[in-house]
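One line per chain: the protein sequences are A and B, in this order. Per the working numbering, the very first residue in the first sequence carries number -5; after that it's consecutive. Per the working numbering, the very first residue in the second sequence carries number 20; after that it's consecutive.
There could be a bad hint or two in this list.
[Stated by the list, open to error] Partial list, derived from the structure: chain A residues whose beta carbon lies under 10 Å from chain B:
#1 Arg145
#2 Glu149
#3 Glu228
#4 Asp232
#5 Ala258
#6 Arg261
#7 Ser303
#8 Glu403
Rather than coming from a laboratory, the hints here were simulated on the basis of the structure. The beta carbon of each residue, even a glycine, is placed where N, CA and C say it ideally should be.
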Amino acid sequence: MKNLVLVGVSHHTAPIEVRERLAFPEDQISVALQQLRGEAHVQEGLIVSTCNRVEMIADSTDSNGDRFLREFLHRFHRLSPGDLDGYLYTHRCHDVVRHVFRVASSLDSMVVGEPQILSQLKTAYREAARAGSLGRSLKSLLPRAFFVAKRVRNETSIAQSPVSISSVAVELANKIFGDLTGKTILMVGAGKMGELAARNLVSSGAREVFVTNRSPERAHQLAARFHGSLVPFEHLDDYLVRADIVLVSTGASHFVLDRTHMLAVVRRRKYRPLFIIDISVPRNVDPLVNDIENIFVYDVDDLQSVIESNLDDRRREAEIAEGIINQEVENYVRRLSANHIGPLIADLRRRMEEICLQELDRHSGSLEEAQLELMERILKRTAHRLAHPLILKIKETDSSPSRRLHNLELIKQVFDLDEDP
Amino acid sequence: MGSLLFTAAFCSYVVGLIHSLVSFATKRDLFYRVALAAVGLGFGLHTAFLVFQAVDQAHFPLATLKESLAFFAWTVSLCFLISHLRFGVKAIGLFLLPLVAVLMLGTVFIKASPVPRALESYWVFLHSTFIFLAYGMLFVAFIAGFLYLFQERELKNKRPKTFYHRLPSLVVLDDLFFKFLVSGFCFMTVGLLAGVIWAEKDWVTGWQKDPKVLAALVTWGIYLVLLYLKVTAGWRGKRAALLSMAGFISALFAFLGANYFGGLHAF
């Protein structure tokens, strides 16, 4: 890790109009990676392009590597300088490590904990590997980030509670019935939203689907799509008794299911639990029905409030995850700087000797063989003694890893050292 | 040897209890697995302790109050293991394990009393063993009933909180409730029958009017009604939970309380 650098935009910093202009279309990624790799100061590069973020990670030979990335981004997307002012963010050194770890663990996502970003990152990594734009730094950083993401998923429940309407509906059904295998769904009305929810329930195991509607044509198609059966609206009650989950989405402006009606139904059901999801606006199920024993009515707002509370849960879990990230960044940076110390110390000694001996070279003509040898010995010793306090500083273990890395970088810059020539 | 086994069992249970609390608080499965292992170990040690007691003192260790409590603790921890293995219900440990710990601790503070002469019969052991197993199971049913109430309330309130995420589904809780209710009831029936046979054969006359016997009959009656309503009218949720609470309180009264009213069945 010489000059690890990251430049990008995300939903935190840029509106969709900017993000879509910067996005790298799938078929252009490998071209972009090759161009990036061809840049003079870029040794390794990776491009992540999703609908919520566009990021370029690179290892540069220059300490201002981010400048080249920014220029590249402008050039590739044919933007004039200044177009992206205020949208781009830049990270360097260990901040890149932290950022990549957070992104992989889905802590930086719009919906915290959503699982796609990790696979998107993995795809980006594979793309870069194929384009040959990966080197030692990124080949160690990204796999570590995948590991950290896995750790976060295992050790927190950040991704557990569902945060979309239809997945919440499935989870609620699970909390009532345990297993949805073999459960019966009754669809009252043939609305689009109802169909979506039904699809989710069926893919979670629900077996039988009944559809009923005032007008049979649309209901008929719907029933066919689920291999279900169309039942006459007049027999609604019989099917309310049979069903486990009822999806209501009619266009009616009144309550299709009311309290007195459902009281009779629940008695005929012998109080077996019934889950009613009312996706219609205006509502088609009297909210009072929820007060009946073993009937659970959720309307759109209720589902939304469950989502809100699940999001709160995720945010709480995210705090635990941040702790894991901190720990992992420290570990990573510490290991990285430890790997660099050995060669760096040798380089530093050699560089110091070089400087001293260069001086000697200039005067070597006026010295005898014996004197020259003596001077060389003295100068080498001086070089080592000069290097000593610097080496102590490098080896110092009580300062934080990021501070040590900073010291290392500073010494490397001052003495113009490079660990892999 | 006996007290060593007992102490080891008690310590395992406490470790299990603590880990089960932590796993409930943090939702981390790892702690629960530790809790399960600890309770399993505790149960093994506890069983060894009971066997040792029986061999050492040459009588079934269920004759005195001290022994009864230890045996009851054993049945409750058995029920916890069954709830996990058979139903996968984890949250119930939160309620069963404290009871186990308290019962175990309780036996330490009760002085060992001599074994009453009346209790030296085969029927008595059958009677008390089955009754205590029934108590354990009915306690689980009672807790399951209340967990059902908690989960039902969270679902009705539509603001999922603590219990929503940690409790299993209503159907699983109801299943747990029903199965433990039925088996508890069967064990109780067998236990009571054994008691009646023994009383007829060996015990004093007039046992039918003993307060403890009457309380046991009331308890049995309550559970019979509950079972009947559950099977025929599909009772679940609040009504079932409350009735099972009544049944359990009545059972508790039969076990401990009835002795204060005097009577023959002072053991």
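Now for the hints, and whether the structure bears them out:
With 10 Å as the threshold, the beta carbon of arginine 145(A) stays out of range of chain B, its nearest partner Cβ sitting at about 13 Å, so the hint is violated. A cut of 10 Å between beta carbons decides the hint on glutamate 149(A): the least distance to chain B is about 8 Å, and the hint holds. For glutamate 228(A), the interface hint is violated, the least distance from its beta-carbon to any beta-carbon of chain B being 26 Å, above 10 Å. Taking 10 Å as the C-beta contact cut-off toward chain B, the hint placing aspartate 232(A) at the interface is violated, the least distance being around 18 Å.
Taken as an interface hint, alanine 258(A) does not check out: its beta carbon lies about 15 Å from the nearest beta carbon of chain B, beyond 10 Å. With its C-beta approaching chain B no nearer than about 9 Å, arginine 261(A) sits inside the 10 Å limit, and its interface hint holds. A distance limit of 10 Å between C-beta atoms decides the matter here; for serine 303(A) the minimum to chain B is near 6 Å, and the interface restraint holds. Proximity of glutamate 403(A) to chain B is violated relative to the hint, the smallest CB-CB distance being about 39 Å (cut-off 10 Å).
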